[in-house]
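J.: As a plain string of letters, each chain reads:
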Amino acid sequence: MSGIRIQEISKTFGDQTALSHVDLEVFEGEFFSLLGPSGCGKTTLLNMIAGFLEPTTGGIFIGGREVTGLPPYRREIGMVFQDYALFPHLSVSDNVAYGLRIRKVPRKEVQERVRESLALVQLEAYASRMPHQLSGGQRQRVAIARALAIRPAVLLLDEPLSNLDAKLRKDMQTELRNIQRRTGITTILVTHDQEEALSLSDRIGILGDGRLQQLGTPLDVYRRPSNRFVAEFIGQVNLIAAAPEAASAAGGSSPAEAPLGAAGTAPYAAPAVREGGANLAAFAAAQLQAAPGEPLRLLADLAAPEGGAAAFSGAPASAPAAASASPAAPGSAAISASAPGAVSPQSGETLFMLRPERIRVAAAGEGAGVNRTPAAVSGVSYAGNVLRIRFELAGSGSLTVHASDPDFPALPEPGQVYDLYWRPQDLIPVLPGEGPL
Amino acid sequence: MSEQGTRRISAKRGKASAGLFQWLLLSPSLLFLTLFLLVPFVMLLVLSFRDVDSLLTVLPTYSFSQYIDVFTTPAYSRTIGSTLWMALVTTGICVLMAYPAAYLLVRTPSRGLRTFFYILLVSPLLTSVVIRTFAWIVLLAQNGLVNEVLINLHLINKPLSLLWNMNAVIIAYVQVMLPFAVLPLATSMGEIPPNLRRASMILGAGRIRTFFRVTLPLTIPGMLSGAVIVFSLAAGSYITPLLVGGRLQPLLPLAIYQQAVQVFNLPLAAAMSITLLLIVGIFVALAGWATKRWEGRMRDV
Chain U
163 MSGIRIQEIS
173 KTFGDQTALS
183 HVDLEVFEGE
193 FFSLLGPSGC
203 GKTTLLNMIA
213 GFLEPTTGGI
223 FIGGREVTGL
233 PPYRREIGMV
243 FQDYALFPHL
253 SVSDNVAYGL
263 RIRKVPRKEV
273 QERVRESLAL
283 VQLEAYASRM
293 PHQLSGGQRQ
303 RVAIARALAI
313 RPAVLLLDEP
323 LSNLDAKLRK
333 DMQTELRNIQ
343 RRTGITTILV
353 THDQEEALSL
363 SDRIGILGDG
373 RLQQLGTPLD
383 VYRRPSNRFV
393 AEFIGQVNLI
403 AAAPEAASAA
413 GGSSPAEAPL
423 GAAGTAPYAA
433 PAVREGGANL
443 AAFAAAQLQA
453 APGEPLRLLA
463 DLAAPEGGAA
473 AFSGAPASAP
483 AAASASPAAP
493 GSAAISASAP
503 GAVSPQSGET
513 LFMLRPERIR
523 VAAAGEGAGV
533 NRTPAAVSGV
543 SYAGNVLRIR
553 FELAGSGSLT
563 VHASDPDFPA
573 LPEPGQVYDL
583 YWRPQDLIPV
593 LPGEGPL
Chain L
27 MSEQGTRRIS
37 AKRGKASAGL
47 FQWLLLSPSL
57 LFLTLFLLVP
67 FVMLLVLSFR
77 DVDSLLTVLP
87 TYSFSQYIDV
97 FTTPAYSRTI
107 GSTLWMALVT
117 TGICVLMAYP
127 AAYLLVRTPS
137 RGLRTFFYIL
147 LVSPLLTSVV
157 IRTFAWIVLL
167 AQNGLVNEVL
177 INLHLINKPL
187 SLLWNMNAVI
197 IAYVQVMLPF
207 AVLPLATSMG
217 EIPPNLRRAS
227 MILGAGRIRT
237 FFRVTLPLTI
247 PGMLSGAVIV
257 FSLAAGSYIT
267 PLLVGGRLQP
277 LLPLAIYQQA
287 VQVFNLPLAA
297 AMSITLLLIV
307 GIFVALAGWA
317 TKRWEGRMRD
327 V
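In order, the protein sequence lines correspond to chains U and L.
Taking our numbering, I'd label the letters of the first sequence as residues 163 to 599.
Taking our numbering, I'd label the letters of the second sequence as residues 27 to 327.
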């Protein structure tokens with residue numbers, strides 16, 4: 163068992179850059195996922211770890227040994243392919259024995275280890291079958307047994323579950339994780355399925371546009387995405403651009419109090435508002451208007467442990483260049499849950515992420531807390547456990563809400579007005595565009 | 027009647043009319059094949075059982091005398107044996123040479139280069155058999171190019187007799203029949219999912235072991251279908267052995283021609299022809315059986 167070090171890897175095909183300066187470490191015994199949309203370079207990276215491609219620059223180390231330049235058959239890696247790649251002319255046990263016979267393992271031991279590997283995936287009874295006599299899930303498990311039989315240093319999984327139907331995929335996810343725990347093998351999973359990555363991994367590396375966008379635990383990348391690309395790729399988001407409220411214009415609640423030192427730590431030029439014992443920063447979202455011409459006032463808790471203050475060290479307010487030079491992340495439009503035109507932060511604005519499931523829905527006039535607005539239902543999509551509701555604000559802008567099924571005995575009707583509200587710490591600032599990492 | 031039942035019946039009727047239409051489309055070629063292949067074949071079969079008198083006049087009686095003649099006359103059985111041997115050697119050489127060629131065709135990434143290789147490969151088929159064979163005569167004759175080069179390099183003193191023997195026939199056959207071996211092989215090689223090679227390599231096998239353990243077994247059907255074509259053509263062709271081997275080579279097609287056109291023993295020529303057909307038929311059947319067995323292992327038939 164050993165860890166994997168990816169050191170400053172870049173890969174170009176002709177004048178196309180597939181990966182640029184990817185640097186990461188997968189720890190020993192870790193279940194690590196490389197997640198990204200198709201074409202982000204994740205498969206290229208996996209192929210370089212396996213030795214099917216060589217990096218243009220940079221190095222790859224497995225267990226401290228440099229493997230860059232070594233052919234695949236010298237790397238001692240187990241790999242499971244998307245199409246399983248079982249040898250159709252060999253029986254299940256011959257498939258599993260393939261790597262052992264290549265290594266000239268004595269016959270007795272080959273038999274033993276084949277049985278052991280098949281037991282690990284619960285397919286002992288199928289040893290003499292041919293691959294074409296197996297179901298998709300069984301083939302998948304044979305492929306895993308074959309990869310593990312050679313007792314590799316690391317296990318690479320190239321979208322191994324994408325050819326299975328939804329229910330089987332869930333079962334195989336559990337099984338994969340169990341096998342990984344039992345063997346303790348360092349594992350890299352390549353996937354474009356964010357749910358799969360979140361539920362299986364110890365840590366996730368998110369690749370976008372050939373660069374590592376974020377590296378962190380599932381909780382990190384979902385709750386504290388480092389930039390807009392990650393926020394939009396993982397789960398659904400409402401993105402809200404908001405400008406710090408000018409102290410003089412702070413209407414409604416109590417005028418801005420003295421920042422109490424918070425201004426020194428928080429890089430926002432937003433007036434601090436004291437609310438329920440927390441220091442909140444006030445913003446005005448020009449694109450969300452509860453009434454025409456009346457930007458929605460947002461109160462964000464930038465020091466909240468759940469929030470993004472720690473991860474969000476880059477200061478957009480003082481670095482307007484980042485905001486103005488923010489092209490829409492590639493592929494983000496399709497993933498985004500928010501209206502596309504509504505979220506280009508202007509210079510000096512901050513981009514906030516508000517997860518749809520963080521917004522609460524109450525009967526009109528009954529919303530609670532500092533962030534609330536009335537909004538009318540414009541569309542409902544029922545997905546069983548969750549209701550995806552699109553709300554239009556009276557002035558402008560819209561928000562997507564994921565409400566839980568039991569909260570709505572009857573589906574909301576289009577046009578119906580509710581109160582939407584959310585906690586200050588649910589507003590997570592994100593870097594616009596893609597971030598350097 | 028239920029709606030479903032009605033639909034099933036109309037579907038059946040549609041199928042029947044589609045079947046009729048297919049037969050209509052096929053009828054010209056079926057008619058042609060019946061008239062010019064099936065009928066002559068039956069006539070040949072009948073003729074091969076006829077007796078002849080000492081003046082080689084065909085008698086109205088039937089017996090196995092011609093077949094007994096074919097299999098008991100030492101000259102004829104030697105001819106059968108050497109025909110079989112020559113066809114097998116040609117097939118073997120073609121298959122051996124086809125593997126690297128097919129590999130090159132499949133693995134060439136550039137489309138243009140691949141097209142070039144294909145054209146190069148099939149170019150012998152695009153030349154007339156006479157021109158192609160005369161080119162071999164120019165090359166292999168006593169004062170031909172090969173002998174002159176060898177003499178000028180002082181590798182030999184006297185010119186080798188490269189022409190008018192079985193080796194010349196085999197060389198000329200390999201040249202023209204190689205594409206028939208390469209094309210089906212390249213097709214079956216191209217159908218191997220690339221991940222199988224990768225899986226083999228990541229499991230520790232280098233290129234050579236991957237070839238013998240994965241590529242070779244999976245291309246057996248393609249290799250066999252190429253072998254069948256080469257074998258049938260090599261066993262049955264007439265012009266190439268006549269031109270580069272001479273008419274005295276112990277080969278069945280030459281012997282048949284001799285009996286039919288020069289000796290004018292038509293029943294014997296017919297019996298030889300049927301024997302040749304049987305040899306090729308047995309080879310085709312064996313290859314077909316092997317292919318089916320092998321493919322049956324890999325998928326449900």
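Simulated from the structure, these hints should not be mistaken for laboratory data.
Don't be surprised by glycine CBs; every beta carbon is placed ideally from N, CA and C.
Treat the hints with care, since some could be wrong.
As the list claims (entries may be wrong) - Here are the simulated distance ranges between beta carbons:
| no. | chain 1 | residue 1 | chain 2 | residue 2 | range |
| --- | --- | --- | --- | --- | --- |
| 1 | U | Asn325 | L | Phe67 | 47 to 55 angstroms |
| 2 | L | Ile308 | U | Asp333 | 51 to 59 angstroms |
| 3 | L | Pro126 | U | His183 | 55 to 63 angstroms |
| 4 | U | Pro568 | L | Pro219 | 30 to 38 angstroms |
| 5 | L | Ile308 | U | Arg339 | 56 to 64 angstroms |
| 6 | U | Asp382 | L | Pro219 | 33 to 41 angstroms |
| 7 | U | Asn325 | L | Glu321 | 19 to 27 angstroms |
| 8 | U | Arg339 | L | Pro219 | 45 to 53 angstroms |
| 9 | L | Leu46 | U | Asn325 | 40 to 48 angstroms |
| 10 | U | Arg263 | L | Phe90 | 50 to 58 angstroms |
J.: Next, verify each hint and record whether it holds.
T.: Tested hints:
The given range of 47 to 55 angstroms is respected by asparagine 325 of chain U and phenylalanine 67 of chain L, whose C-beta atoms sit roughly 50 angstroms from each other. For isoleucine 308 of chain L and aspartate 333 of chain U, the hinted distance range of 51 to 59 angstroms is satisfied, since their beta carbons lie about 52 angstroms from each other. In this structure the supplied range 55 to 63 angstroms is violated for proline 126 of chain L paired with histidine 183 of chain U, their Cβ-Cβ distance being about 41 angstroms. The supplied range of 30 to 38 angstroms is broken by proline 568 of chain U and proline 219 of chain L, whose beta-carbon atoms lie about 47 angstroms from each other.
For the hinted restraint 56 to 64 angstroms between isoleucine 308 of chain L and arginine 339 of chain U, the CB-CB distance of approximately 57 angstroms keeps it satisfied. A hinted range of 33 to 41 angstroms holds for the C-beta pair aspartate 382 of chain U and proline 219 of chain L, which are about 37 angstroms apart. At roughly 23 angstroms, the beta-carbon separation of asparagine 325 of chain U and glutamate 321 of chain L lies within the given 19 to 27 angstroms, and the hint holds. Distance hint check for arginine 339 of chain U and proline 219 of chain L: the Cβ-Cβ separation is about 27 angstroms, which falls outside the suggested range of 45 to 53 angstroms.
Between leucine 46 of chain L and asparagine 325 of chain U, the C-beta spacing of about 42 angstroms keeps the proposed range 40 to 48 angstroms intact. One distance hint, 50 to 58 angstroms for the beta-carbon pair arginine 263 of chain U and phenylalanine 90 of chain L, holds here, with the actual separation near 54 angstroms.
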